[in-house]
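Colleague: Just so you know, the protein sequences line up as chains A and B, in that order. According to the numbering used here, the first sequence is numbered sequentially starting from 6. According to the numbering used here, the second sequence is numbered sequentially starting from 18.
Keep in mind that the hints are not guaranteed to be accurate.
What follows is a set of in silico ranges between Cβ atoms, one per label pair, in the way DEER data are often shown [what the hints assert, rightly or not]: (1) B:Q151 <-> A:L97: 35 to 41 Å; (2) A:P95 <-> B:V264: 42 to 48 Å; (3) B:A126 <-> A:R255: 24 to 30 Å.
Since the hints were derived computationally from the structure, they do not count as laboratory data. Glycine residues also receive a C-beta, built at the ideal position from the N, C-alpha and C atoms.
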Amino acid sequence: MTIRRAVSRAIAGIAMPLLLLAAWSLIAREGWLPDQILPAPGVVLATLKEFIASGDLQDATLISLERVAKGFAAGAVAGLGFGAAIGLSPRLNRLFGPTFLGLAQVPLLAWMPVLILLVGIDEGLKVILIGIATFIPVVLNVAQGFRDVPPALREVGAVLLFDPWSMLTQIVLPAAVPSIFTGLREGLANAWQTVIAVEVFASSEGLGYLMAWGRQLFQLDLVLAVVVVLGVIGFALNWGLARLERRLDRWQVRPA
Amino acid sequence: MFALEITGVDRTFHVAGKPVPALRDISLSIREGEFVAIVGGSGCGKSTLLRLILGLDRPDRGEVRVGGQPVRGPGLDRGIVFQEHRLLPWLTAETNVAAALRRSGLDSAQRRQRVAEYLDLVGLTAFAKAWPAQLSGGMAQRVAIARALVNRPRFLLLDEPLGALDALTRLRLQAELARIVRHGGTTALLVTHDVDEAVFLADRLVVMQPHPGRISDVLTVDPAARRDRSSAVFLRVRDKVLGMLGVETEAVRAGAYETAA
Ligand SMILES: Nc1ncnc2c1ncn2[C@@H]1O[C@H](COP(=O)(O)OP(=O)(O)O)[C@@H](O)[C@H]1O
Ligand SMILES: [Mg+2]
Numbered sequence: 006m007t008i009r010r011a012v013s014r015a016i017a018g019i020a021m022p023l024l025l026l027a028a029w030s031l032i033a034r035e036g037w038l039p040d041q042i043l044p045a046p047g048v049v050l051a052t053l054k055e056f057i058a059s060g061d062l063q064d065a066t067l068i069s070l071e072r073v074a075k076g077f078a079a080g081a082v083a084g085l086g087f088g089a090a091i092g093l094s095p096r097l098n099r100l101f102g103p104t105f106l107g108l109a110q111v112p113l114l115a116w117m118p119v120l121i122l123l124v125g126i127d128e129g130l131k132v133i134l135i136g137i138a139t140f141i142p143v144v145l146n147v148a149q150g151f152r153d154v155p156p157a158l159r160e161v162g163a164v165l166l167f168d169p170w171s172m173l174t175q176i177v178l179p180a181a182v183p184s185i186f187t188g189l190r191e192g193l194a195n196a197w198q199t200v201i202a203v204e205v206f207a208s209s210e211g212l213g214y215l216m217a218w219g220r221q222l223f224q225l226d227l228v229l230a231v232v233v234v235l236g237v238i239g240f241a242l243n244w245g246l247a248r249l250e251r252r253l254d255r256w257q258v259r260p261a
Numbered sequence: 018m019f020a021l022e023i024t025g026v027d028r029t030f031h032v033a034g035k036p037v038p039a040l041r042d043i044s045l046s047i048r049e050g051e052f053v054a055i056v057g058g059s060g061c062g063k064s065t066l067l068r069l070i071l072g073l074d075r076p077d078r079g080e081v082r083v084g085g086q087p088v089r090g091p092g093l094d095r096g097i098v099f100q101e102h103r104l105l106p107w108l109t110a111e112t113n114v115a116a117a118l119r120r121s122g123l124d125s126a127q128r129r130q131r132v133a134e135y136l137d138l139v140g141l142t143a144f145a146k147a148w149p150a151q152l153s154g155g156m157a158q159r160v161a162i163a164r165a166l167v168n169r170p171r172f173l174l175l176d177e178p179l180g181a182l183d184a185l186t187r188l189r190l191q192a193e194l195a196r197i198v199r200h201g202g203t204t205a206l207l208v209t210h211d212v213d214e215a216v217f218l219a220d221r222l223v224v225m226q227p228h229p230g231r232i233s234d235v236l237t238v239d240p241a242a243r244r245d246r247s248s249a250v251f252l253r254v255r256d257k258v259l260g261m262l263g264v265e266t267e268a269v270r271a272g273a274y275e276t277a278a
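Make the full structure from the sequences, and use the hints.
Modeller: Listed below in structure tokens is the structure:
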């Protein structure tokens with residue numbers, strides 16, 4: 006990629022946020038919406054600085070990130086295993102597939118009452134909910150990816166006398182890499198949304214709690230400050246995963 | 018001894034509950050070192066026959082023997098080049114060829130040496146580290162040929178290997194195939210719908226007809242025909258085979274070969 010292309014791509018990517026920011030400033034300055042509902046960008050920035058200076062924002066962010074890390078790791082590992090199993094074995098798929106698809110239809114928050122009864126309202130609840138939120142898209146995509154391995158390539162493995170291990174590592178897994186990453190990215194986005202939802206409902210710490218608190222005090226500047234942090238972290242996580250995928254997928258020759 | 022013996026083979030598929038006879042009473046023997054080409058329109062069971070020889074599929078009746086042994090499954094004694102190159106997209110040219118040696122019993126130094134030898138044979142040493150997506154169709158197919166040969170199989174099977182290439186690349190690769198196969202002394206079975214290609218490469222031609230797939234004619238090609246594609250011998254064999262496939266050429270209609278053939 007030439008430098009000119011890179012620069013023009015970066016400009017294109019940043020144009021929309023700048024436009025939104027301009028609109029936001031304009032609306033706040035002209036007073037088209039009351040201050041309590043849409044504080045000016047400057048106010049939000051000041052709140053952001055204040056909460057960083059006090060360390061409250063870092064604390065809340067670390068708590069939410071830790072919950073996401075635990076729940077996502079558990080959901081992703083379980084999802085990879087289960088997705089691979091039902092993707093590779095039609096028999097296991099017949100056995101577990103329909104039940105999984107049925108349970109996957111249940112909205113996440115509907116699990117909450119049941120889980121509260123089972124595990125209480127502590128840390129475990131949050132991690133389990135985030136785990137489920139991650140698990141579902143990971144299983145769906147991984148199973149699909151494993152099922153969709155081109156039969157023509159499996160046949161190549163058969164002709165070359167590949168043992169099951171070579172078949173898995175040389176043919177099935179590499180072919181499934183794009184689907185696996187789609188699942189992980191969806192799972193991560195879900196995990197991130199879920200941590201906020203459970204913290205808003207049932208927590209006394211974390212970014213979601215900070216938002217709920219700001220809303221109760223009619224401190225919309227705080228709510229918006231958290232929204233900005235959420236956006237930045239979500240973007241960074243997604244970008245990290247995309248980079249990892251490109252490393253694993255470097256054989257996919259992309260247009261420069 | 019015969020490298021390949023097919024005796025009385027039937028293979029019928031069932032599509033939507035209806036039987037589709039793909040092969041009916043196929044018998045064919047190929048001598049060690051012989052180059053045989055099968056020509057026939059699409060759907061006459063050519064690929065099905067190759068799959069039976071590879072051991073990817075079983076006949077309903079009859080028997081396929083390679084080197085005197087009945088075929089029970091795939092083996093490194095048989096290499097195959099498909100119409101699509103079927104390289105693993107996540108491996109380089111070099112590692113694609115090396116993948117064929119996973120079960121060869123060679124140590125890693127021998128493998129490296131063998132891979133280099135066969136990439137050189139197909140003229141792709143400079144592209145050893147390239148991904149399949151970076152290769153042209155002709156180059157990818159050459160890597161596939163190297164992969165099929167790297168185990169030094171006694172039998173090379175080719176299922177319309179040049180069918181997807183442009184005309185110029187195809188002509189060039191036909192010449193290379195001739196050189197490579199004769200160089201190794203491999204027994205080869207080529208499936209093609211290109212009659213020129215078949216006459217140019219093969220010692221013997223097998224003509225198949227569809228519905229159900231069966232062998233209608235077998236003819237030996239005069240070695241003189243191979244030397245020049247515009248020679249009278251070459252054209253005579255070609256037109257004769259085209260006639261068997263239901264394509265009448267002007268020369269045949271005019272009776273030009275009546276006495277010679
Ligand atoms: N796995 C299969 N299931 C059902 N029908 C098949 C299968 N493989 C081949 N056939 C049928 O058998 C016939 C011969 O196919 P094929 O061997 O691919 O012909 P060719 O290679 O000569 O074009 C065709 O009618 C095809 O539809
Ligand atoms: Mg075919």
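Colleague: Enumerate the violated hints, using their earlier numbering and listing them in ascending order.
Modeller: none
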